[in-house]
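We have chain A already, so just place chain B on it with the hints.
Keeping their order, the protein sequence lines are chains A and B.
Counting in the numbering used here, the first sequence runs from 10 upward without gaps.
Counting in the numbering used here, the second sequence runs from 10 upward without gaps.
These are computed hints drawn from the structure, not numbers from a lab.
Don't take every hint at face value.
The list makes no distinction among identical chains, and a pair is therefore deemed to hold if it is satisfied within one copy or across any two copies.
As the list claims (entries may be wrong) - With a straight-line Cα cutoff of 25 angstroms, these simulated SDA-like cross-link-like pairs (lysine to any residue) come out:
id : residue 1 : residue 2
1  : Lys308    : Pro720
2  : Lys678    : Ala464
3  : Lys252    : Ser161
4  : Lys455    : Val668
5  : Lys678    : Ile371
6  : Lys621    : Leu538
7  : Lys367    : Gly679
Chain by chain, the residues:
There are 2 protein chains.
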Amino acid sequence: MATLSDIGLAAAINILSAIAFLIAFAVLRLQPVNDRVYFPKWYLNGVRSSPTRSGAFVYKFVNLDWRSYLRFLAWMPAALKMPEPELIDHAGLDSAVYLRIYLIGLKIFVPMAILAFAILVPVNWTNSTLEDSKVEFSDIDKLSISYIPLGSQRFWTHLVMAYAFTFWTCYVLHKEYAIVASMRLHFLATEKRRPDQFTVLVRNVPPDPDESVSELVEHFFLVNHRDHYLTHQVVYNANKLAKLVKKKKQMQNWLDYYQLKYDRDPSKKPTRKTGTLGLCGKEVDAIEFYTSKVDEISKQEAIERELIKKDPKSIMPAAFVSFRTRWGAAVCAQTQQTRNPTLWLTEWAPEPRDVYWKNLAIPFVYLSIRRLIVAVAFFFLTFFFMIPIAFVQSLANIEGIEKVVPFLKSLIEVKTIKSFIQGFLPGIALKIFLIFLPTILMLMSKFEGLTSLSALERRSASKYYIFLLVNVFLGSIITGTAFEQLNTFLHQSATEIPKTIGVSIPQKATFFITYVMVDGWAGIAGEILRLKPLIVYHLKNLFLVKTEKDREEAMDPGSIDFASSEPKIQLYFLLGLVYAVVTPFLLPFIIVFFVLAYVVFRHQIINVYNQKYESGAAFWPDVHRRIITALIISQLLLLGLLSTKHAANSTPLLIVLPVLTIWFDRFCKGRYESAFVKYPLQEAMMKDTLEHAREPNLDLRAYLRRAYDHPLFKDNEENDDNISDGGESEFENKLVPTKRQSRMNTPVPSKYNGSSSPLLPE
Amino acid sequence: MATLSDIGLAAAINILSAIAFLIAFAVLRLQPVNDRVYFPKWYLNGVRSSPTRSGAFVYKFVNLDWRSYLRFLAWMPAALKMPEPELIDHAGLDSAVYLRIYLIGLKIFVPMAILAFAILVPVNWTNSTLEDSKVEFSDIDKLSISYIPLGSQRFWTHLVMAYAFTFWTCYVLHKEYAIVASMRLHFLATEKRRPDQFTVLVRNVPPDPDESVSELVEHFFLVNHRDHYLTHQVVYNANKLAKLVKKKKQMQNWLDYYQLKYDRDPSKKPTRKTGTLGLCGKEVDAIEFYTSKVDEISKQEAIERELIKKDPKSIMPAAFVSFRTRWGAAVCAQTQQTRNPTLWLTEWAPEPRDVYWKNLAIPFVYLSIRRLIVAVAFFFLTFFFMIPIAFVQSLANIEGIEKVVPFLKSLIEVKTIKSFIQGFLPGIALKIFLIFLPTILMLMSKFEGLTSLSALERRSASKYYIFLLVNVFLGSIITGTAFEQLNTFLHQSATEIPKTIGVSIPQKATFFITYVMVDGWAGIAGEILRLKPLIVYHLKNLFLVKTEKDREEAMDPGSIDFASSEPKIQLYFLLGLVYAVVTPFLLPFIIVFFVLAYVVFRHQIINVYNQKYESGAAFWPDVHRRIITALIISQLLLLGLLSTKHAANSTPLLIVLPVLTIWFDRFCKGRYESAFVKYPLQEAMMKDTLEHAREPNLDLRAYLRRAYDHPLFKDNEENDDNISDGGESEFENKLVPTKRQSRMNTPVPSKYNGSSSPLLPE
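Pulled out of the complex, with its shape left as it was, chain A reads as follows (with noise of 0.2 angstroms):
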């Protein structure tokens, strides 16, 4: 067991590295040459345009003013400096609100901390009765519940503590939740107009042997919502346009590498060989080549969007469809349309940025087996993912890297290297999965058929933080494989569980501590250094980069990871609640982790990231539940603690805290959680006048006419109508003549294609 000195010296080291992080940050973000990297979005949006100083040339590339590097800290109180209003309006809710996710963990630990050290160190270090017992107790121990004896009337206090820890964090996360929800709904009432704020997003329309998707979505909804419907537009599957603009693009990257080189040294025309990967085949002029590459895919690429364009089969049975009111926008999102609930389904439509337009077209069955067969391979995953990797590990030995490369076999035998290998290798295999896995679980999101970027990074990071929980918090706890944990579980009984966890706690409190220090604290400090978008920037600019344009492309400003940065910061929130009341001497470090963490992402929010797109908060339902989660883990595992401690008449008022705390759930749930899910009648209903009154005049037709084109299209083809044919019809003419021949799946009784006028109110 690690003694204050040790954990004091890891503290120091891992403070200095900070440290050393700060100060290369410090110093390359003052260099003009870096500056579209550690502020691009000031120049996406249109502040800034070239770097800030300007002189001789050497000035462009370097800082000299030596004055500058003294003030190497000066960006912390410039990220605290902007007023959260402002902050929105910069960098969106999203951001503005994620910031808040730390600030709500200093406002639970922070006094926690206080009243612990206070009162819980005192009660756990003044208790001498053990002082001359013969177990070891290290000097971390006597700051913690192992401290005390068993059975000592001392648990009380600890009992105490826990109501109170409860108490403050549901206060804490009540009056959090409600000013995240008034934040959301202030945000959706003051926004601009938006094409989301009129559209849902039509799903699942039924396939109709006499009219094209684009006419059954009209004939639909003139029907079924007479006064609000204003136009539509069909989703086509333009996925393999996709692939052919992607593909044209490398080749288009390819061109502009070899242009740059050859007009660097016009001197010797750049060749590249035609065969695989350029390695065999015939020598050809690399200019030429490439040209004639982005040419033939350009061909296709037009070809294909005529395709597109006039076969029926790559219309998507999906739809977004646009209302004359944000009232009958909110009605159709939130009502059920037809007796079959799976046919068409309609949701709020995501910003035009957040669709994912791949998932528009699977069906609804489709989307339970999907369902099932992720949440199956998810349990896999998660349980069973050292399998596949221990057999990687057994094959990436020397003697197996030897066999399969025999020309390094010398190499390998040279003794320092070798060592470096046999220490390095079984590791690996581990380390790339753990930095793939973000991106497995995105997968897994996406083959799930969500149709939001925003929503599939919500799934991704609530199966991140799962698997934290399983493998990094429960594994660190309990040694041995997840599978090995899962099957130790099955055989133990619902008492036996806690006991066994909450036993091992007080253990490993240092080690947590270090993980706190080398994860979070150099976690974050690495984060502001951004050294990948760093190089990355620096190779394209010498490569790519031709006109301002490329180099804009080029700056990549990133935004916030949130299916992976969530769920990071939920482990630090539990591992806080849970030692809050064991070992509380974990909360500073858990403290300076928040409060650097907080600095270090208002600093990027302001400065660097770029959101891709604004979903108004609907994550935070998320965080919150995850905190009562780890509130309710905690509460167990200090029940199972207790129960070992002979503090057994302590149990029963105990098991009043889970219920309580699960209680508090279900009531901020149905107190806010529907902001995040609904949009209010009044609200919309005020919008709407509001804006009437104001632009009486306003065509929302126009404004809505292209909003939702799929964006390859939106490119290339600003004045081609034929796309957007739900919008073509004349405003005032709401009767479109039917093709329908059948009478089946009539959606509308007949009379109203007859004389009668849909128009007429009831």
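Only chain B this time, still in chain A's reference frame:
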């Protein structure tokens, strides 16, 4: 262990007693004097007004036509003859679908029984390996899984059968869900115009300092549903009035009783004492006494009525809001109205008869606290109900009685009486508790704050099902009270629990066979006799009935008691599914139960019951879910049983079953449940359009104006218009002058009170 002949004997006894019941019924139902007990439905429908047979005086009471007695089972085919659509017309969809629960039992278990007897019984029976072993086997055991030796390959048959039974059950369930859902939608689509189609129940109207609830509701809906809002009715707190009316009714009954007594024997004026229960105090003329009582209460009632109408405090913050179209109501019921999801809560209004008026005013915060309280109370009721009963039992012994009522001592000491009391007493407390259990559960559900009788019955049924599952099913398999079981389970591992229960399953087969016969067969046969209503009717007829109307009131047809009878059926589903693979010999007994129950209840529904409300089969999702639960329980228990049989390699294959079943349940939920929760807009629009075409001049406002009056106001004050002030404003004048002075909580932008008309479309 019982042998086959033991069970045969028990079966014979039960069959004989059931036949005795049926014969008694056959005789009693033919007596004209009992006509109103056994055929009240026809009187209520207006088809009959007096017993069918007429003639001599004696024929009015006794049926002397001996031929009719020969056809003593004639009611059975008659009960089966009525086709389902006519049944729905005659008794409502609730009753028709309730019968389908028995049908689904037959559909599931008949093919299962055939398959099991064709395959499983031979496999078990022909198993000769243990013929000569020393273990004793009864005949039933030879038919069951217990007869197969450990680790035998024959368990594969049981595994395959478990798969077959699961798929068959799911197939039947799926088909039935589809049928019931379409029956419900068809019912809703074809039923006559009903007020609840146009009406939404609004709860938690926020308090407003300037406006009354009625004005507030009107303003809110005029603004936020301006094209659709028609009228509304506020809800009065008439609980005190209801008490007075009930008391008056009681007094009136006594008055009638004495009046009748006096009429029959005018020589003797009936008297009663004024004190408690008429036992002590001054002796007065009973008729005069009760007349004055009735007058007094009538006065109080009138005052209370005035008070309710005038006092704004008696108006609850809830209202029934009616719309011009079904579409408008469907929209309002399915959407969220304001930012705060706990205010202006909208839901479909129940039928007027179905409303549970008392609960309409409970605020949201109390609702969630009440739910917590009930959940905790129900937990204790289920697991600890034996504690108070054991306490009562310990008091209620011979000595205790002798102490309390010493003058009975000599009587009690008589030997036969003593032994009777000793055998009888311990059971009586439990028996009384079990009789009152459904009432207790209903009180709990009422406390939870549900607003319709149908929802209350569904909630009580859920509770009762859990109680039966824990205390009857598990309680019979594992000895000990529910709390002891709970304690055992908490100290057992997740894999041990199914084993513990699974192992005992085959041994309890004979017990459950007897249970099915005694509780099921005899219970159903007793149901058709209607002993209690028969006695009560004749007593009332003797003492209270003066006019034909009184006689009609004395009839008491009763209704299906969904809250207690459905969970009992579910118990048979559970037994059938659990024993289908283990001891298929139990299946025929279950089938007999379902056949008998189906015929008896069909008869009762056609001839007797008068449903209090019509919920449109809203209970089906519950029925479906409980059968799924039973299926999963049966799979887990089989898993436990087989793993003790050393058939371990079948475990992974069996785990697949519950996973698939849970997935199937989620699939069904997504596909069909919404038919029972939401009202699709297309259906609403179609019905609106048809109605508009058929009756263009319908005065819907007049139709709806008094629909949701409190039943107490409905009877007396058909012409009193003050009660429903929501409907008073004129049809065209939709602008209500506001009394608002402050701008707090203003739900509408102010310009609407000014010049622009809210009728203008956007």
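How the hints compare with the structure:
1. Taking the shortest Cα distances, Lys308 and Pro720 sit within 25 angstroms of each other inside one copy (19 angstroms), while across copies they are farther apart (77 angstroms).
2. With identical chains, the CA atoms of Lys678 and Ala464 are at most 25 angstroms apart both within one copy (19 angstroms) and between copies (22 angstroms).
3. In the homo-oligomer, the alpha carbons of Lys252 and Ser161 never lie at most 25 angstroms apart, since the shortest distance is 68 angstroms inside one protomer and 57 angstroms across protomers.
4. For a Cα distance limit of 25 angstroms, the shortest separation of Lys455 from Val668 across copies, 22 angstroms, qualifies, whereas the shortest one inside one copy, 35 angstroms, does not.
5. For the homomeric pair Lys678 and Ile371, the shortest alpha-carbon distance between copies (19 angstroms) is at most 25 angstroms, but the shortest distance inside one copy (30 angstroms) is not.
6. Taking the closest pair of Cα atoms, Lys621 and Leu538 come within 25 angstroms of each other only inside a single copy of the chain (21 angstroms); across copies the shortest separation is 72 angstroms, beyond that limit.
7. Taking identical chains as interchangeable, the C-alpha atoms of Lys367 and Gly679 lie at most 25 angstroms apart only when they sit on different chains, with a minimum of 23 angstroms there against 33 angstroms within one chain.
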